[in-house]
Structure formats: structure tokens, C-alpha cells
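Residues per chain are reported as follows:
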Amino acid sequence: MTFTTVTSKVVLAQVAPGREVLARRGAMLAVTGRVTFSPVAGGPGGGAYGGGLAASLARGVQGEAVALMVAEGSGAVHYGFHGHHVTVIELDGSRPLSVEADRLLAHDASLSSSVVFLGQQGGLRGAVRGAVTGQGMFTTQLSGRGSVAVLSHGGTFALPVSGGRQVVVDPQAYVAHEGDLRVDVAAAVSWRDAVGRGSGEAVQLRVSGEGTVHVQASEEKL
Amino acid sequence: MSWRLGTPRVLVVDLDGSAASAVRARTGSMVAYEGEVTFKHAGSGGGGGLRAAFKQRLTGESLPLVEVSGRGSVHFAVDAGNVLLLDLAGQVLKAESESLLCLSEGLRTDVVFSGLQGASSGQGLFTTSVTGHGRVALISMGGPPIALRVAPGTPLVVDPDAYVGALGDVRQSFVTDVSWRNLLGESSGEAFSLRFEGQGTVFIQPEERR
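Protein chains in written order, with the working numbering: chain A, 358 to 579; chain B, 11 to 220.
Isolated chain A (complex conformation) (with noise of 0.2 Å):
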């Protein structure tokens, strides 16, 4: 439990030796005690915080980077960023979240942090749904113990996935995914009349599979 929820756009991050936070550059609100901030080279997961060279390179390539800092020493941080309402999701270990770079507002440095071509996951379709959701081809994978601080408009609200319950969820809403889940890229001819703000194509994402998929109240992206 590395963050507590101040306000629902506020959390405060508690910061010890051996239990840093990274946090997107310009988060930091306010901080208490001896907390020296650095910047963490090649954005999440690069330096001495896992992922290595490769992932920092293919970051560089692919634009899945948002310059991260990192908080050391002892004190307690403020994180909020540009009004967005925060979501707190902790991690157990079992299973990793998937979220968009530019979606993470803090975690825990414990984690380990890699970015993921969409292709690695379901082949071409992997990429097709980043490219045609807008999501971009890369997303970036936290595992390990940890608590996330996740970014959204108008908060979240995490929805169950099992073997029998699948979640037809709005490109537009989608903010992460807990677990072992298949995210495919659906078209529908009746869709056009529930989705998307006028002309915007036809698309949903079918999500499947075991886990948990935290959807936005809103339709805007950050």
C-alpha cells in the first residue's frame, strides 16, 4: 500500500529507502521529509529500474515514453496530474497490468516495468487494434507486488473477465487491463449507434479470458 488516496484526484505515496516511487515527470505536487527526485533515464523500465537497453531503445522507436522521475530518501509525495482523477490498483503479483504510458501517473519501483508490442500478443490483430483504437502499436507492462496510481477521466471502474463473461468495452473508455486477457478489435454494423462521437469508426474491443478490465466514465482520452 505505497499510496493512499488524498482526494479522487490526489494520492500520497510514502517513500522509504528500498521503497522508491516513479512517477510521470511533473506529477509531484507537494512533498514532505528528505525526498531528492532524479530522472529516471529512457522512461519506464530503463535504468536501473529493469527493462535494460532493449527497452529503452525500442521505447525511443515507438514513442511509448513518458519521461519518468524518481522519488528516493524518506518523506511522503503528492501526486496529481493536470486534474485527472486517479485510480489506485494494487498487485498481487498473479498477474501484470497493461496500461498505456501516458494512463500512469505513479508505481511502486519494485515493479518491473516492460513495454509490450501489441503484436507479441495477438499476432497482427495485436496490432491492428493499437493502430485502429489509437492506442498506438506498444503498451506498457507492469508485474510484480506493487501499487499503480493509473490516470483517467472521471475515474474508473474495473470490470470483472472470466471464462464466461466476456466485456464488449469503448476504445475510447478503456484505460487498462488486469491479467491474462485477450483484447481483439471488433467491428460492428450496429455499433456505429452506440459509439464514437459521430463519424469515428465503428470499433469495440471484445475483452476475454481471466482478469479485470478498468474502463473510464468518459469518452475522452487524456
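Hints in this document: simulated from the structure, not taken from any laboratory. One thing to keep in mind: the hints can contain errors.
[Claimed, not checked] Just some of the chain A residues that point at chain B, by a computed CB distance under 8 Å:
| id | residue |
| --- | --- |
| 1 | Ala373 |
| 2 | Glu377 |
| 3 | Asp459 |
| 4 | Gly511 |
| 5 | Gly512 |
| 6 | Phe514 |
| 7 | Leu516 |
| 8 | Gln523 |
| 9 | Val525 |
| 10 | Val526 |
| 11 | Val572 |
| 12 | Ser575 |
| 13 | Glu576 |
Note that the Cβ used here is the ideal one computed from N, Cα and C, for glycine as well.
Using the hints, position chain B against chain A.
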């Protein structure tokens, strides 16, 4: 028919497959669903029939709705606005069409004349009225809505850009007041305000429409 709030900004409707559980929702407001659910365009009249379609075309008070039916649960949300649930038991709800999120089966919508000066406030001269027995979900932008009482002898004046809807037997008129211009501090246009008289409740939102 089962409606609940998933979060203060998300409306969840559970559909049991019966025709009575079907709803009409604002186009594009669905953010997620599970189960066997179909979405069908409710027609140019927003399900209100040919006459409603004609009136909407004529008046510009458009109400784009989809008919949602089937078996499963559907999550609706619009631009992170707070959801206000209202039960109608024969009363009349007047609402801005852009504030309407969802209507239960059996409610009728119509376009009504709301006063001459409506055009200047950018809302059109017409407003949408909802009548019948059932549930309505309205959207309040910028935070939870505020309910203000209107009673005989205590009229209420609100900013048209903050107005969401009015429930009960209230009459609506437009007021032009030069001093309001200074108070509102918004837009260089005419400083109009909405005046309500009668008996009922008026809902306003914390964020003004731009």
C-alpha cells in the same frame, strides 16, 4: 428493470431480456457492456415517432438516442459528468436534450416551446419534455447537480448555461437584466437568465456550458 450507479459518474442498467427492461440512451454514451445486448438507432425522432422527428428537424432540439435491449448489463457515461437519477410518476420533466442520458421504456419525449429568447442563449427556442411513468438519468457536468426548490412566491433565476432540467409544475421565462452581465462574467453576448415560477424543483450543474 434495474438501474444503479456504478460510480457517481457511471450509470449501470441491468437488462433481463424483457421488453420492459429496455432503455433509450444517448448515442455514444455506452462505455462498456456484457451479455447479449443490442443497440439500435431509435430513429430520428429519438423514439418519439414521426411527429417528434419532424418537430426536432424543425426546431433543432435534437435528441439522438439508441434503443438498448437484450440480456446483460450496460454501463453508460458521458464526459465524466455526474449522473442524476429521477423517478417519474406522472410528473413532467423538462430537460436540455444534451443533459439527457437515459430513459426507461414507457416514457414519452416531446419537443416543447420554451420561450422566445432561447435562441440567444444558444440552447434553441425549444426544450425536451419527458412524461409518463419510469426512470430518467440526467447528466450534470462538473460535479453533482444541485436541486433548487421553486415555490409560489419564491421564483428562481438560474444561468441558462448551468440549467439541466426542471421537475414539476414550473413555468419558465427569460429575463434580461443588464446587471446580470457583470455577475455572470461570461461571454460577450446578451446576459440572459432563466426564471422559474410555480411549484417544483430545478436542477443545475456546477459547470457552465460553453
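Now for the hints, and whether the structure bears them out:
Violation of the interface hint for alanine 373 of chain A is found here, the shortest Cβ-Cβ separation to chain B being roughly 32 Å, above the 8 Å cut-off. A least Cβ separation of about 31 Å between glutamate 377 of chain A and chain B goes past the 8 Å threshold, and the interface hint is therefore violated. The beta carbon of aspartate 459 of chain A is not positioned within 8 Å of any beta carbon in chain B (closest approach about 17 Å), and the interface hint is therefore violated. At about 3 Å, the closest approach between the beta carbon of glycine 511 of chain A and any beta carbon in chain B falls short of 8 Å, and the interface hint on this residue holds.
Checking glycine 512 of chain A against chain B by beta carbon gives a least distance of about 5 Å; that is within 8 Å, so the hint holds. Here the hint on phenylalanine 514 of chain A is kept, as its CB sits about 5 Å from the closest CB of chain B, short of 8 Å. Contact between leucine 516 of chain A and chain B, as hinted, is supported at the beta carbon level, the nearest pair being about 6 Å apart and thus within 8 Å. With a least beta-carbon distance of about 6 Å to chain B, the hint placing glutamine 523 of chain A at the interface is held under the 8 Å criterion.
Below 8 Å, beta-carbon pairs count as interface contacts, and valine 525 of chain A has one with chain B at about 5 Å; its hint therefore holds. Interface restraint check: valine 526 of chain A against chain B, minimum CB-CB distance 5 Å, threshold 8 Å, status holds. Checking valine 572 of chain A against chain B: minimum C-beta separation of about 5 Å stays under 8 Å; hint holds. For the restraint placing serine 575 of chain A at the interface with chain B, the shortest Cβ-Cβ distance is roughly 4 Å, inside the 8 Å limit, so the hint holds.
For the restraint placing glutamate 576 of chain A at the interface with chain B, the shortest Cβ-Cβ distance is roughly 7 Å, inside the 8 Å limit, so the hint holds.
In this structure, the earlier hints numbered 1, 2 and 3 are contradicted, and the remaining ones agree with it.
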